[in-house]
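J.: Residues per chain, in single letters:
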Amino acid sequence: MQLSEKKVGIISCRGEGCVEGTISRVATRLVLEKLPEKTVTICLPLFLAGGKEERAFARDYPTITVDGCEKLCAKIGTERYSGKPASSIVVTELARNWHCSKLNSRRKLDADSVAVAEKVAERIAEEVDEVLDRWR
Amino acid sequence: MERTEQEKIIVIPCSGIGKAFGSIAREATYELTENLRSKTTGTVCLALLVSGDEESLNLVRENKCITVDGCPLQCAEKNVRLAGGNFAGSFRVVDAFKENRHLKPKSVTFLDDDGQRLAKVLAEKMASKVDELLGGES
Chain A
0 MQLSEKKVGI ISCRGEGCVE GTISRVATRL VLEKLPEKTV TICLPLFLAG GKEERAFARD
60 YPTITVDGCE KLCAKIGTER YSGKPASSIV VTELARNWHC SKLNSRRKLD ADSVAVAEKV
120 AERIAEEVDE VLDRWR
Chain B
0 MERTEQEKII VIPCSGIGKA FGSIAREATY ELTENLRSKT TGTVCLALLV SGDEESLNLV
60 RENKCITVDG CPLQCAEKNV RLAGGNFAGS FRVVDAFKEN RHLKPKSVTF LDDDGQRLAK
120 VLAEKMASKV DELLGGES
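Protein sequence lines correspond, in order, to chains A and B.
As numbered in numbering that gives the first Met the number 0, the first sequence has no gaps in its residue numbers, which increase by one up to the final residue, 135.
As numbered in numbering that gives the first Met the number 0, the second sequence has no gaps in its residue numbers, which increase by one up to the final residue, 137.
By construction, these hints were calculated from the structure, which means they are not laboratory data.
In this text, a Cβ means the ideal position worked out from N, Cα and C, and glycines have one as well.
It is possible that part of the hints are untrue.
Pair ranges (Cβ atoms, derived) [said to hold, decoys possible]:
#  : chain 1 : residue 1 : chain 2 : residue 2 : range
1  : B       : E54       : A       : Y80       : 33 to 41 Å
2  : A       : R133      : B       : K97       : 43 to 51 Å
3  : A       : D132      : B       : E98       : 43 to 51 Å
4  : A       : H98       : B       : E33       : 22 to 30 Å
5  : B       : K97       : A       : Y80       : 32 to 40 Å
6  : B       : E6        : A       : W134      : 49 to 57 Å
7  : B       : G83       : A       : E129      : 39 to 47 Å
8  : B       : S127      : A       : E78       : 22 to 30 Å
9  : B       : D112      : A       : W134      : 38 to 46 Å
10 : B       : E98       : A       : N96       : 28 to 36 Å
11 : B       : S127      : A       : E121      : 42 to 50 Å
List time: in silico DSSO-like cross-link candidates among lysine-lysine, alpha-carbon distance up to 30 Å [said to hold, decoys possible]:
#  : chain 1 : residue 1 : chain 2 : residue 2
12 : B       : K38       : A       : K107
13 : B       : K63       : B       : K119
14 : A       : K37       : B       : K18
15 : A       : K118      : A       : K101
16 : A       : K6        : B       : K105
17 : B       : K105      : A       : K5
18 : B       : K18       : A       : K5
19 : A       : K51       : A       : K5
20 : A       : K83       : A       : K33
21 : B       : K38       : B       : K124
22 : B       : K63       : B       : K18
23 : A       : K33       : B       : K18
24 : A       : K83       : A       : K6
25 : B       : K7        : A       : K107
26 : B       : K119      : A       : K107
27 : B       : K63       : B       : K128
28 : B       : K105      : A       : K33
Construct the complete structure from the given sequences, taking the supplied hints into account.
T.: Shown next, in the form of structure tokens:
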């Protein structure tokens, strides 16, 4: 799979089981909306199940994985099938570092959780710029 | 007779991230598992299941599963089947959309009103399927 421009693939776990999975999903979406010219997303279940285009992209282009929890499904899956991601973000780690202890409602993020998602999105965006700088 | 943990229906959405239909699949699952049939249904992370997590694999093998997919690739259904899950039914957001064309969901990150309505319609259909699978005991 070849794109004409340099792009970073963002692979988000978006786990359904916990609020951090929802935050990983929302943060990834916010980055895609903010930086459409620099980023694409890869559907993780499709990637893990053997999606050829997804795996080829992740082999040929740098990726950033965004995991909700320490099980690291996105990071481990990417390493297993397409190589080491250029950067790896774990929402639970960031939330702990930011002393955000009251994340709730995996279904509809409350104001505190949206604020965390926005901060995670900022971190992803910084990583995108760093990865692209290293790539040039 | 008291219902045991083994009798829960596991509902697995694709949660596709590129289009509104993936968000609707996810929201319909939450509406079903948290509101409409909270005692008789549960969900599991699809990525964790596909990663081979033993607990998730046991959950889908020991319980009947319903999948909800946002796009024609049907990742949720395919992955539950690949995992050897006890597959009992599938839903596609596009089918609910075709039956409710007056609803035009657009936003992906945070569902708009039409997206929320379509998710509720879909969740009601899924609840009927749950009742059918449980012999009308929900």
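J.: Now, for every hint given, state plainly whether the structure supports it.
T.: Against the structure, the hints come out as follows:
{"no.": "1", "hint": "B:E54 x A:Y80: 33 to 41 Å", "in the structure": "22 Å, violated"}
{"no.": "2", "hint": "A:R133 x B:K97: 43 to 51 Å", "in the structure": "46 Å, holds"}
{"no.": "3", "hint": "A:D132 x B:E98: 43 to 51 Å", "in the structure": "49 Å, holds"}
{"no.": "4", "hint": "A:H98 x B:E33: 22 to 30 Å", "in the structure": "28 Å, holds"}
{"no.": "5", "hint": "B:K97 x A:Y80: 32 to 40 Å", "in the structure": "34 Å, holds"}
{"no.": "6", "hint": "B:E6 x A:W134: 49 to 57 Å", "in the structure": "52 Å, holds"}
{"no.": "7", "hint": "B:G83 x A:E129: 39 to 47 Å", "in the structure": "41 Å, holds"}
{"no.": "8", "hint": "B:S127 x A:E78: 22 to 30 Å", "in the structure": "42 Å, violated"}
{"no.": "9", "hint": "B:D112 x A:W134: 38 to 46 Å", "in the structure": "41 Å, holds"}
{"no.": "10", "hint": "B:E98 x A:N96: 28 to 36 Å", "in the structure": "46 Å, violated"}
{"no.": "11", "hint": "B:S127 x A:E121: 42 to 50 Å", "in the structure": "43 Å, holds"}
{"no.": "12", "hint": "B:K38 x A:K107", "in the structure": "20 Å, holds"}
{"no.": "13", "hint": "B:K63 x B:K119", "in the structure": "22 Å, holds"}
{"no.": "14", "hint": "A:K37 x B:K18", "in the structure": "18 Å, holds"}
{"no.": "15", "hint": "A:K118 x A:K101", "in the structure": "15 Å, holds"}
{"no.": "16", "hint": "A:K6 x B:K105", "in the structure": "25 Å, holds"}
{"no.": "17", "hint": "B:K105 x A:K5", "in the structure": "28 Å, holds"}
{"no.": "18", "hint": "B:K18 x A:K5", "in the structure": "23 Å, holds"}
{"no.": "19", "hint": "A:K51 x A:K5", "in the structure": "20 Å, holds"}
{"no.": "20", "hint": "A:K83 x A:K33", "in the structure": "25 Å, holds"}
{"no.": "21", "hint": "B:K38 x B:K124", "in the structure": "17 Å, holds"}
{"no.": "22", "hint": "B:K63 x B:K18", "in the structure": "28 Å, holds"}
{"no.": "23", "hint": "A:K33 x B:K18", "in the structure": "16 Å, holds"}
{"no.": "24", "hint": "A:K83 x A:K6", "in the structure": "16 Å, holds"}
{"no.": "25", "hint": "B:K7 x A:K107", "in the structure": "24 Å, holds"}
{"no.": "26", "hint": "B:K119 x A:K107", "in the structure": "14 Å, holds"}
{"no.": "27", "hint": "B:K63 x B:K128", "in the structure": "11 Å, holds"}
{"no.": "28", "hint": "B:K105 x A:K33", "in the structure": "17 Å, holds"}
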